[in-house]
Structure formats: C-alpha cells, structure tokens
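Colleague: Residue-level listing of the chains:
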Amino acid sequence: MEISARQSEGGVIFDLTGDIDLAHSPAMRKVLLVEIKEKHTLKVYLNLKNVRYIDSSGIASLVEGLKASRDQGSRLILYALSASVREVMELSRLQKIFEIYENEEQALSS
Amino acid sequence: MRAPKSQRNRSKKGIHPRADLLLRLQLESNPEALCLVRAVVQCAAGVVRFQESDSRAIVRSVDEALANVIRHAYKGRGDLPIALTCRRLWSGTDAATPCGLEVVVTDSGVSANPKKLQGRSLDDLRPGGLGLHFMKQSMDVVEFSRKNGKNLLRMVKYLAPSTPEEKPEGE
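The listed protein sequences correspond, in order, to chains A and B.
The first sequence begins at 1 in the numbering used here and counts up by one.
The second sequence begins at 1 in the numbering used here and counts up by one.
Hints are supplied without guarantee of correctness; some may be wrong.
Unchecked claim - Pairs of lysine-lysine residues, derived as BS3-like cross-links and limited to a Cα-Cα distance of at most 27 Å, are as follows:
(1) K96/A x K75/B
(2) K67/A x K39/A
(3) K136/B x K147/B
(4) K96/A x K49/A
(5) K75/B x K30/A
(6) K43/A x K30/A
(7) K30/A x K67/A
(8) K75/B x K67/A
(9) K30/A x K96/A
Rather than coming from a laboratory, the hints here were simulated on the basis of the structure.
The structure presented is a predicted model; accordingly, all values stated were derived computationally and were not measured.
I would like the entire structure built from these sequences, with the hints used as guidance.
Modeller: In structure tokens, the structure reads:
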C-alpha cells in the first residue's frame with residue numbers, strides 16, 4: 001500500500017493506493033493518528049479511490065482515527081469508496097458513522 | 001447473497017455428494033502473504049462461477065480467517081504453518097453443476113476462546129472484533145473445531161440462486 005499526502009485548504013488529503021490489510025493497516029493507522037493527535041489537523045481527508053481491499057484491521061484503524069478526531073474536535077472525511085470498501089463499511093454498519101462523500105469535490109466542499 | 005436457510009442447515013451436516021480439490025496451500029503466518037492468498041482464492045471462486053460480489057465475500061472471509069490465525073492463534077508470529085484447502089462442491093441432483101465452494105483453514109496455534117467466537121455487537125463503536133462478524137455475514141457455513149491439536153475452520157459458500165443438494169443418505 002502507498003500513502004501520499006497533499007495539502008488542501010484547512011486540511012490534508014491522503015491518497016491511499018493498494019490494499020489496507022493486516023500487513024499495511026498499521027502504517028495507515030500511524031499516519032492518521034500523527035496527523036490528528038500530534039499535528040492537530042482540523043480536516044483529514046482519505047481518498048480511497050485506489051483502495052481495492054480493506055479488511056477488519058483497516059476498518060479498526062479508521063475507527064481509531066475517527067475516535068481521535070472526535071476527541072480533538074477535528075474531522076476525518078472519506079471519499080471515493082470502491083464497491084469492495086463500501087461493502088465492508090456496510091457490513092460493519094459504519095457507513096452512517098463516518099463522513100463519506102462520492103468524490104473529492106464533494107468532500108472538499110463539505 | 002446467502003443461500004436459503006434450508007440449504008445452509010443441510011450443509012451443517014457436512015455431507016456433500018461430491019467435492020473436488022481445487023487448491024491446497026501451505027503458507028507461513030506472514031501478513032505479507034495475505035495478498036497472494038486473496039488472489040488465488042478469488043481465482044478459485046471464479047472457477048466455481050460465483051458472481052463478483054460473492055467472490056469478494058469469499059475472499060474477505062478467507063482473509064479474515066487467516067488474519068485471525070496470525071493475530072490470535074499464533075500471537076503475531078510470522079513463521080508458523082497455516083494450511084488452506086478449497087474444494088468445489090457439486091450438486092447431487094445435477095452432476096455437471098457445481099453448487100458451492102468449501103474452504104478449510106488449519107493451524108497449530110492455541111485454541112480459540114469460545115466466548116470470542118461469538119463476535120461482538122456492532123452498536124459498540126470501537127476498533128477490533130469485526131473479522132468474525134464479516135465471516136459469518138459473508139459465508140453460509142462457518143464452523144470451528146479442534147482436532148489432533150490443530151484448529152480447523154470450515155467455511156462454505158453456496159452459489160446463488162441455490163441449487164438444491166441431494167438429500168443425505170438415510171433421510
């Protein structure tokens with residue numbers, strides 16, 4: 001999995017590419033928690049357009065990030081979910097817990 | 001899509017008229033290997049002609065099963081053996097029609113705590129504990145057992161719309 005960061009107005013966008021599984025979710029978790037808890041970034045966007053697969057450890061990392069963002073008073077925003085990622089969100093009943101948008105334009109204007 | 005309840009109940013008896021081995025894998029408990037397993041299991045599901053969403057469900061379940069073995073049975077060690085087999089199940093009424101896929105995962109780690117095999121409530125927003133829920137939601141049969149010092153997880157997914165199985169002998 002690859003993670004790259006871009007600055008956006010009021011926040012940072014992480015472009016994720018590949019699979020978020022047991023081997024790679026720790027890296028995503030670390031990046032998220034540093035951004036939210038140490039850098040105190042107000043808006044953290046996750047672009048999931050190129051994520052083919054996410055497992056329960058990836059979902060757990062997202063939940064941890066969401067909890068941290070709530071504690072910090074910031075926002076964790078997901079967008080461009082693939083069918084596979086959307087299915088896992090629905091199985092976890094998390095699709096209404098997270099802020100999720102169809103695309104980057106909608107996410108940035110939210 | 002899940003198979004009808006009648007079919008799932010019958011399958012719990014583990015009786016199938018015919019099954020042929022599609023895949024036997026021996027791997028180490030290395031998380032880096034999971035992407036390889038997902039790829040081959042997706043191919044196995046394709047051989048049985050599952051729809052795309054059902055193939056994803058099978059792949060997800062196998063991945064979660066292996067991740068559980070690595071994390072819980074082997075406590076994160078990356079060099080311990082895991083075996084995986086995939087068998088194509090055939091309908092008893094039509095010898096030319098596959099009716100599902102059976103996956104068996106075997107490890108030699110510590111046995112699972114039965115309480116932890118119940119999963120957890122999804123209303124509780126916290127990280128972790130979702131893997132078993134994914135498996136149970138995605139597969140028609142999920143059975144844990146322990147035999148000869150090994151943990152066995154047997155999962156079955158039936159093709160939908162379902163093809164009725166032959167009644168087990170004696171029924």
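Colleague: Hint by hint, say whether it matches the structure.
Modeller: Each hint tested on the structure:
1. Using a Cα cut-off of 27 Å, the hinted pair K96/A and K75/B is violated, with the two alpha carbons roughly 33 Å apart.
2. Of the supplied pair hints, the one linking K67/A and K39/A holds, its CA atoms being roughly 16 Å apart against a limit of 27 Å.
3. For a cut-off of 27 Å, the pair hint linking K136/B to K147/B stands: about 22 Å separates their Cα positions.
4. Under the criterion of a C-alpha separation no larger than 27 Å, the hint pairing K96/A with K49/A is consistent with the structure, at around 19 Å.
5. Pair hint K75/B plus K30/A holds up; C-alpha atoms about 21 Å apart against a cutoff of 27 Å.
6. Between the alpha carbons of K43/A and K30/A the distance comes to roughly 16 Å, so the proposed pair stays at or under 27 Å and holds.
7. Only pairs whose Cα atoms come within 27 Å are accepted, and K30/A paired with K67/A is accepted, the gap being roughly 14 Å.
8. Restraint check: the Cα-Cα separation between K75/B and K67/A comes to about 26 Å, which is no more than 27 Å; the hinted pair holds.
9. Taking the CA atoms of K30/A and K96/A, the gap is near 24 Å; set against the 27 Å cutoff, the hint holds.
The structure shown violates just one earlier hint, number 1.
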